[in-house]
Amino acid sequence: MNVRGVPVTAVLVTAAQAVPHVAAVLARGGVDLLATVGPDEAEELVARRRPHVAVVELDGGEAPLEAVATLSAAAPHVPVVTLSGRPDHAVALAAVRAGATSHLAGPVAPADLGDAVRRTSAGEVVFSPGLADVLLEEFGRPAGREEPRPLTEREADVVRLVVEGLTARQIASRLVLSPRTVENHVQNVLRKLHLHSRAALVRYAIERGLA
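Residue numbers (my numbering): 47 to 257.
Derived from the structure by calculation, the hints contain no laboratory data.
Hints are supplied without guarantee of correctness; some may be wrong.
Between beta-carbon pairs, the in silico distance windows are [stated by the list, open to error]:
(1) V222 / A62: 42 to 48 Å
(2) D134 / K238: 29 to 35 Å
(3) G176 / P196: 25 to 31 Å
(4) A157 / G107: 27 to 33 Å
(5) R94 / R200: 42 to 48 Å
(6) P133 / P156: 15 to 21 Å
(7) T198 / P153: 38 to 44 Å
(8) P175 / R237: 27 to 33 Å
(9) V222 / G176: 20 to 26 Å
(10) D86 / R220: 41 to 47 Å
(11) R237 / A157: 32 to 38 Å
Idealized CB from N, CA, C, for every residue including glycine.
Take these sequences, add in the hints, and give me the full structure.
Laid out in structure tokens, this is it:
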């Protein structure tokens with residue numbers, strides 16, 4: 047359930063021929079799975095069923111990644127959680143660039159997947175432990191690109207922790223701030239960078255090495 051006590055609904059997009067184990071994992075994680083569909087039918091299903099979140103398995107060639115990009119463009123109000131069976135950083139970056147809000151790699155416990163889906167539906171960004179730091183370190187800031195407006199040191203601290211997947215309350219505890227102040231910093235950063243969501247901020251930060 048989400049913070050309002052409403053069951054979180056999801057659709058599963060997978061290229062697997064049989065109903066994958068992920069469906070059972072989602073159910074055990076407390077997520078109401080509406081349907082399972084192949085990448086080619088993802089856009090139509092999401093438009094028809096209107097889930098809170100789309101969960102996309104990436105271990106099926108290029109089609110699942112293309113589905114992420116299609117959903118991001120056609121249904122930007124539905125966040126996407128991508129799953130990969132191996133901790134491949136290039137796959138994670140490709141997913142984020144395609145429009146994924148959250149990404150989990152490797153074997154994922156039911157409780158962790160359910161938690162990631164619920165948090166993503168609430169507007170948070172979730173990565174497997176350590177993945178955000180690795181992406182930021184590996185891909186860094188492309189040369190010759192500057193931010194529209196410079197971030198303050200505190201804003202940069204907040205961005206780094208958002209990318210790591212911390213909640214506003216956790217960031218507040220880490221930086222000894224109030225949750226409201228953290229949210230104010232996030233909103234200021236979004237305005238400065240002309241972005242509209244935390245997911246967009248995470249993609250921007252990873253691609254440009256902001257954190």
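Verification of the supplied hints:
For the pair V222 and A62, the supplied restraint of 42 to 48 Å holds, since their beta-carbon distance comes to about 46 Å. The supplied range of 29 to 35 Å is met by D134 and K238, whose beta-carbon atoms lie about 32 Å from each other. In this structure the supplied range 25 to 31 Å holds for G176 paired with P196, their Cβ-Cβ distance being about 28 Å. Separation of A157 from G107 is about 29 Å and conforms to the stated range, judged on CB atoms against 27 to 33 Å.
Restraint check, R94 to R200: a C-beta distance of roughly 44 Å satisfies the suggested window 42 to 48 Å. Evaluation of the 15 to 21 Å hint for P133 and P156 yields a pass: the beta carbon distance comes to about 19 Å. A hinted range of 38 to 44 Å for the beta carbons of T198 and P153 is consistent with their spacing of about 39 Å. The hinted window of 27 to 33 Å between P175 and R237 holds, with their beta carbons roughly 30 Å apart.
The given range of 20 to 26 Å is respected by V222 and G176, whose C-beta atoms sit roughly 24 Å from each other. At roughly 43 Å, the beta carbons of D86 and R220 sit within the given window of 41 to 47 Å. Taking 32 to 38 Å as the suggested C-beta distance range, the pair R237 and A157 conforms, at roughly 36 Å.
Hint compliance for this structure: no hint is broken.
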